[in-house]
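Colleague: In case you want the letters, here they are:
Number of protein chains: 2
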Amino acid sequence: MTAAIYKVLLLLCSIQCVTQSVLRYRSFHNKDVFREIKDHRNIAADLIKLSVDGAAKNQSYNRLAEFVDKFGFRIAGSKNLENSIDYVIQKLKEDGLENVHGETVMVPHWVRGYESAKMIEPRIHHLSMLGLGGSIGTPPEGITAEALVVGSFDELKKRSSEAKGKIIVFNEDWAGSYGKTVAYRSGAVPASKVGGVASLIRSITPFSINSPHTGSQHYKANVKKIPTACITIEDAEMMARMAARGDKIVIHLKMDAKTHPDVKSRNVVAEIKGRTNPEEVVVVSGHIDSWDVGQGAMDDGCGAFISWQALSLVHQLGLRPKRTLRAIFWTAEEEGLIGAHKYFNDHKGDMSNFDLVMESDTGTFSPSGLGFSGNKAATDIVRAAVDLLDPIGATNFSTQADVSDVVYWQDASVPTGSLLVDTSKYFYFHHSNGDTMTVQNSHDMDVASAIFAVVAYVVADLEDMLPRKPTNNTDIRLFD
Amino acid sequence: MTAAIYKVLLLLCSIQCVTQSVLRYRSFHNKDVFREIKDHRNIAADLIKLSVDGAAKNQSYNRLAEFVDKFGFRIAGSKNLENSIDYVIQKLKEDGLENVHGETVMVPHWVRGYESAKMIEPRIHHLSMLGLGGSIGTPPEGITAEALVVGSFDELKKRSSEAKGKIIVFNEDWAGSYGKTVAYRSGAVPASKVGGVASLIRSITPFSINSPHTGSQHYKANVKKIPTACITIEDAEMMARMAARGDKIVIHLKMDAKTHPDVKSRNVVAEIKGRTNPEEVVVVSGHIDSWDVGQGAMDDGCGAFISWQALSLVHQLGLRPKRTLRAIFWTAEEEGLIGAHKYFNDHKGDMSNFDLVMESDTGTFSPSGLGFSGNKAATDIVRAAVDLLDPIGATNFSTQADVSDVVYWQDASVPTGSLLVDTSKYFYFHHSNGDTMTVQNSHDMDVASAIFAVVAYVVADLEDMLPRKPTNNTDIRLFD
Numbered sequence: 283m284t285a286a287i288y289k290v291l292l293l294l295c296s297i298q299c300v301t302q303s304v305l306r307y308r309s310f311h312n313k314d315v316f317r318e319i320k321d322h323r324n325i326a327a328d329l330i331k332l333s334v335d336g337a338a339k340n341q342s343y344n345r346l347a348e349f350v351d352k353f354g355f356r357i358a359g360s361k362n363l364e365n366s367i368d369y370v371i372q373k374l375k376e377d378g379l380e381n382v383h384g385e386t387v388m389v390p391h392w393v394r395g396y397e398s399a400k401m402i403e404p405r406i407h408h409l410s411m412l413g414l415g416g417s418i419g420t421p422p423e424g425i426t427a428e429a430l431v432v433g434s435f436d437e438l439k440k441r442s443s444e445a446k447g448k449i450i451v452f453n454e455d456w457a458g459s460y461g462k463t464v465a466y467r468s469g470a471v472p473a474s475k476v477g478g479v480a481s482l483i484r485s486i487t488p489f490s491i492n493s494p495h496t497g498s499q500h501y502k503a504n505v506k507k508i509p510t511a512c513i514t515i516e517d518a519e520m521m522a523r524m525a526a527r528g529d530k531i532v533i534h535l536k537m538d539a540k541t542h543p544d545v546k547s548r549n550v551v552a553e554i555k556g557r558t559n560p561e562e563v564v565v566v567s568g569h570i571d572s573w574d575v576g577q578g579a580m581d582d583g584c585g586a587f588i589s590w591q592a593l594s595l596v597h598q599l600g601l602r603p604k605r606t607l608r609a610i611f612w613t614a615e616e617e618g619l620i621g622a623h624k625y626f627n628d629h630k631g632d633m634s635n636f637d638l639v640m641e642s643d644t645g646t647f648s649p650s651g652l653g654f655s656g657n658k659a660a661t662d663i664v665r666a667a668v669d670l671l672d673p674i675g676a677t678n679f680s681t682q683a684d685v686s687d688v689v690y691w692q693d694a695s696v697p698t699g700s701l702l703v704d705t706s707k708y709f710y711f712h713h714s715n716g717d718t719m720t721v722q723n724s725h726d727m728d729v730a731s732a733i734f735a736v737v738a739y740v741v742a743d744l745e746d747m748l749p750r751k752p753t754n755n756t757d758i759r760l761f762d
Numbered sequence: 283m284t285a286a287i288y289k290v291l292l293l294l295c296s297i298q299c300v301t302q303s304v305l306r307y308r309s310f311h312n313k314d315v316f317r318e319i320k321d322h323r324n325i326a327a328d329l330i331k332l333s334v335d336g337a338a339k340n341q342s343y344n345r346l347a348e349f350v351d352k353f354g355f356r357i358a359g360s361k362n363l364e365n366s367i368d369y370v371i372q373k374l375k376e377d378g379l380e381n382v383h384g385e386t387v388m389v390p391h392w393v394r395g396y397e398s399a400k401m402i403e404p405r406i407h408h409l410s411m412l413g414l415g416g417s418i419g420t421p422p423e424g425i426t427a428e429a430l431v432v433g434s435f436d437e438l439k440k441r442s443s444e445a446k447g448k449i450i451v452f453n454e455d456w457a458g459s460y461g462k463t464v465a466y467r468s469g470a471v472p473a474s475k476v477g478g479v480a481s482l483i484r485s486i487t488p489f490s491i492n493s494p495h496t497g498s499q500h501y502k503a504n505v506k507k508i509p510t511a512c513i514t515i516e517d518a519e520m521m522a523r524m525a526a527r528g529d530k531i532v533i534h535l536k537m538d539a540k541t542h543p544d545v546k547s548r549n550v551v552a553e554i555k556g557r558t559n560p561e562e563v564v565v566v567s568g569h570i571d572s573w574d575v576g577q578g579a580m581d582d583g584c585g586a587f588i589s590w591q592a593l594s595l596v597h598q599l600g601l602r603p604k605r606t607l608r609a610i611f612w613t614a615e616e617e618g619l620i621g622a623h624k625y626f627n628d629h630k631g632d633m634s635n636f637d638l639v640m641e642s643d644t645g646t647f648s649p650s651g652l653g654f655s656g657n658k659a660a661t662d663i664v665r666a667a668v669d670l671l672d673p674i675g676a677t678n679f680s681t682q683a684d685v686s687d688v689v690y691w692q693d694a695s696v697p698t699g700s701l702l703v704d705t706s707k708y709f710y711f712h713h714s715n716g717d718t719m720t721v722q723n724s725h726d727m728d729v730a731s732a733i734f735a736v737v738a739y740v741v742a743d744l745e746d747m748l749p750r751k752p753t754n755n756t757d758i759r760l761f762d
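Protein chains in written order, with the working numbering: chain V, 283 to 762; chain R, 283 to 762.
Honestly, the hints are just simulated from the structure, not real lab data. Among the hints, a few may not be true.
No copy is singled out in the list; a pair is fine if it fits within one copy or between any two copies.
[What the hints assert, rightly or not] Once the Cα atoms are required to be at most 27 angstroms apart in a straight line, the calculated DSSO-like pairs of lysine-lysine come out as:
(1) 361 to 530
(2) 540 to 400
(3) 536 to 400
(4) 530 to 707
The task is simple: from the sequences and hints, build the whole structure.
Modeller: What follows is the structure in structure tokens.
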């Protein structure tokens, strides 16, 4: 091929690209897409009605209750999680969904084992506790040491000369939000740096009925690992008062926690194949794994099951949008988004086909709409889709999707969405034995399912995919 | 003595009685008593200021924290309760109160011992539980039996043919109040009557983070005693769902609970002796014992300590009312008002000298005034005294004192009072491991102390005792 011909071809190609982009631009920026969305009003109303007031009323709640009552908690690495995945795959198939399958992921296998913490001075008192995910155990005979109680990392730094050989007790205040407080859960690192032999951390919650909360924590390379656990607000505050009075506090800590080699788990996928653009997908998701406490109903059984329900509602109405609807049950979220990360790596080559990736992982308390992260044009479109939820008043809209598992897609500028809920009590139960069906409400789950169903269906059925910011991927779009 | 002389004496005596009564009537029903109360406005303001904004600010909270942190829970029959009583007697003396002493009471001595409840079918699940006060234990090997889950006594009756040999699980709804629900805590009796081998009762609370609550329960004569415990809302609801699905539930229950012979305990008394009528008393009170969970800070350390504080405030201002102020820390309230009943029996002969008997036993959440039980004339007087609390807005008034320990005095028509508080969260923590200093608020305790101090002081300093209804006692008053 001569250079001249090559230049002509390049020019033709450029003209085609620009033409396509202009067409897309028109489609995004004229009113057609909003007309399209309005034309989905009846379908949206049917999905809503089926979910909150029709044959599917209470269905997601009942499905979740049966699931969590049967399996209880489902921690990564456990046989129980894999059994629960087998069960879900079977149920999704029975529900008539398509392409139901698991996608293999290697996940951590941490086992809590026996654990106890006992204050032995100034008096005997059993501390309610939960070892933190990934913690090492104590020696078999346990650790008996004096406690150093601090209210903050700063205080630990100031009092570092007192820390050697002590069990560091963190009595940090709840700083108004989980995000502002959760750094303390990795208190083992600063505790170890100053010579602490273990750390006991006030649970990351604003409210307690003597409730310990577990969760992940992160050791650092080159900092000696020490056993680490959460205790209750009540006990942390009590020991802080005792220390302030000058009482010597001695604690005996015993933890048999152990990390075994990684094991195979699976993300679970179920679909309704798109009728015209099956390779393009709208994702709804939640994670199927939980910590080894409670039932993992709120974190995040409900997120996974309303995602299933979104597809189930579409299927029950015999609908099939242009694009594929895909429900994903992530595995090993709690250990650091392990399943979600593997999925992103396996599928990021196909990123241009991911239209919208949604997730629910902050419970389903009083769902009121959607959080969405995307560019201005996409935001306008999704906001218009959310307006179709007015029959149930779920039209609240935030311009930030609050995500965990789907953060990789968000970081890659793929449009992402999250269920908008009231999180004021979420952290009362989070990672505790209080995370059970008792905190779930069937009407809330019906509303949440309707929100996911309507947004996913409408977006998947529009003429065009949502516009998105430029990414590193090949599918760069010019006009948004 | 001739009959004539006798008749003259009788006539003179009658004239004297009528004269006294008329004088009393005038005193009660003219405005003098309200003028008297208004004349106490400055003293009331001083007591309030000292408590909420002066040198005594936080004092009752700090005293209670030091006490419950030192001793933890204090169950009747325990050496720990007696040690805590010794401590309190010492502290009351150090505080400068008078006639500080214990009055002996024989109290029950029930010891929980090791206990566990495990669901072994349809899957292994550890049930959080607390044996109920006075429960018998299981045989050493425990009891393994199928569960019969019922939602009510009525359902148990209807399904009595299914109950033989089963562990009866009560999943009663919270009926809107403690009073309407607490009968289920003695579910062992109906369970045993239909052949049940143990009872597991949903905890008497509207809210739970997997929290079991203990409490008293009452076996009946001629009904075989069976082991009985409370489980959590979460587990009761889960087993109800399982049973509704037709799952067979099998539970292994092990309880080493044992009732030992009664032991000596003490009600604790402290006073500020009256300056003109020391034999007449106004009582403020709470109970010092607790269940063997948490710290017994809310139930009822706070009630006992604000009673102490009421006297302490009066003492710190160097005041001494006409009548005696008496603080009483009851013992063994939880086992059935044991200390209070003994005290009533020991002192009822002196009933005419008990002017007003007050109590705080529903926590100190947002105290807003006083509940009072007495006749119309007494109500008007006490309401006027409560009006002196307007500097802290604590002027709410209810015409029913909500009492436990002082019910014997109330039944005998002695005027009784109770702290008015917000009880909406009280039963979240009641009889659970969540009853700790964390639920207490120092400002609330300062306000509560001020309420008791002002009402007790003013009533004790009036010219006359409160009018009361006729009782069976000798001190019958004519005009009220």
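Colleague: Which numbered hints are broken by the structure, listed smallest first?
Modeller: Hint check: 4 fails alone, others pass.
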